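Listed below, chain by chain, are the residues.
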Amino acid sequence: MAISPIYALRETGQNLWRNFMLSFATIITIGVSLWLFGGFFLVNYAVDNATARWEGGIEFVIWMNPDASAEQDANIRNSLESPAISSFAYVDQDATYAEFVELFADTPEMYEVVTPEILPPSYRVIPTNPDADVVQELALQFADRPGVRDVVSADETIRQIQNQADEISRVFLIVSIILLIAATLLILTNVVSAIRSRGSEIEIMKVVGATNWFIRIPFMLEGLAQAMIGALGAWVGLFFLNNNVIAGLGDGDALELMRGFRVSDSEFYSTSVLMLGIAVIVSGIGSMVAVTRYLDT
Amino acid sequence: MIKLENVTKVYKGDVVAVRDATVDIGKGEFVFLVGQSGSGKSTFIRLLNREETPEHGTIYVAGKDISSLGAWKVPYLRRNIGYIFQDFKLLPKKTVAENVAFALEVIGKPRHVIRKQVPAILELVGLADKMENIPTELSGGEQQRVSIARAFVNRPLILLADEPTGNLDPQTSVGIMKLLDRINRTGTTVVMATHDRGIVDTMRRRVIELDRGQVVRDQARGVYE
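Those sequence lines, one after another, are chains Z and X. Residues 1 to 297 (the numbering used here) are what the first sequence spells out, left to right. Residues 1 to 225 (the numbering used here) are what the second sequence spells out, left to right.
In isolation and in its complexed conformation, chain Z is listed as follows (with noise of 0.2 angstroms):
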């Protein structure tokens, strides 16, 4: 039997409304969770494309003291100048300083107390075998080197960044995972709390003979509602996310090893399209358990 859909909001909708409190509680849990799991995505994504980046032409970079002798400088320069290096930069003091200066943009309490003078010059270097044994080697070559300060690799970049966000990550699935389960729950309270306020209802459609489907198909659709507004919620916050914060990440010029740091947009898309088939689930699994236990004929 053909359910009217006009029936069918109309009843959606007073459910949604005589449980509101409730509802907004779902919705709101909805929300979090798939924004969390959504996030998930996002940043190994952004994690996956920012390391492809460096895949294709790891580098390290030599840190020299401020107070490097002139003929220690030269010494390192001579050594770079080798068929083991593609090409390198020296980046000096005051370039280093402008760097600092972007980096820190938003808090000036930082550079204001710093000078070009005690900041290091640093040699960015690309070696011509991009392989990562191969480039841990060379790095190791200059670490001990008079007037070096520090030699970082990219690979060990790679690897903390990898870390920390897998560690982030990880947290994000976890807790969204709790949420999601939350909220399933949520939707099942909602459903059965409809189904109880509406209890003479229910006996009087039984015994006119309106079918299961459609005595349930409202409350169906009330999970369904919920998890879809909670989903929509969450892609704003995505869209945000992604936008504002990855994005921000991956353009900013003075974070050399975050370059590279963002999502595309299919992987922007099938990340929200999976939120949606996750809310779909979740709205099924909560109202059909709902209106199977409590409206049985």
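To be clear, the hints were calculated from the coordinates, so they are not data collected in a lab. Since this is a predicted model, take the numbers as computed values, not measurements. None of the hints are false.
Some residues of chain Z that are not near chain X, with every Cβ distance over 10 angstroms (derived): (1) R77; (2) P120; (3) V171; (4) L224; (5) G233.
Which bits of chain X does chain Z cover? Going by a derived footprint, with three or more residues having C-beta under 8 angstroms, they are: (6) 69-76; (7) 96-110.
Ideal Cβ positions, reconstructed from N, Cα and C, are used throughout, including at glycine.
With chain Z fixed as given, assemble chain X onto it according to the hints.
Below, chain X without anything else, positioned relative to chain Z:
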């Protein structure tokens, strides 16, 4: 129209509500079910509506065995059976017209059919001027008329009434019985469970008496006794 063959219904704890009942009710008959409280009248009615299923025996309604009817077919059976409650069971926030329309709306009747049938049935039960009232603005008798209108708006073949005058004073009960009699004269089979001796004795229709679940009397043009 209705046929019970050796029907037994047992509730949990071995409580026998209906015991080996065999009854045949023809189309257009008006039947009173009488008996003391707990004699099985309500269970008898609920068996006919497939709210209960028998442990033994077979129940036929309009030639179909409803004892073995699939669960998904039950709603379609119920569209041919009107049901009147003792406590009316009207929806308090809906108007009289909306209460009656609800019964058609939830079985998927188109709006133009609902707009035509609801005023007609309210005219039949004498409530044409109360269509926009809500149930709390009506007397008990009027509320029961709305309940009857809701049960009959889909023109069912059978009307089941479980103590429809149980909450009404004798004078109002007479009005309700006249209405049920009028509906019965349209060819609708009416099965009514009642405790009201006066009504049964006045109307002199077929009387089936139950005692501890057993049919102990089946009398044409009977009295309450």
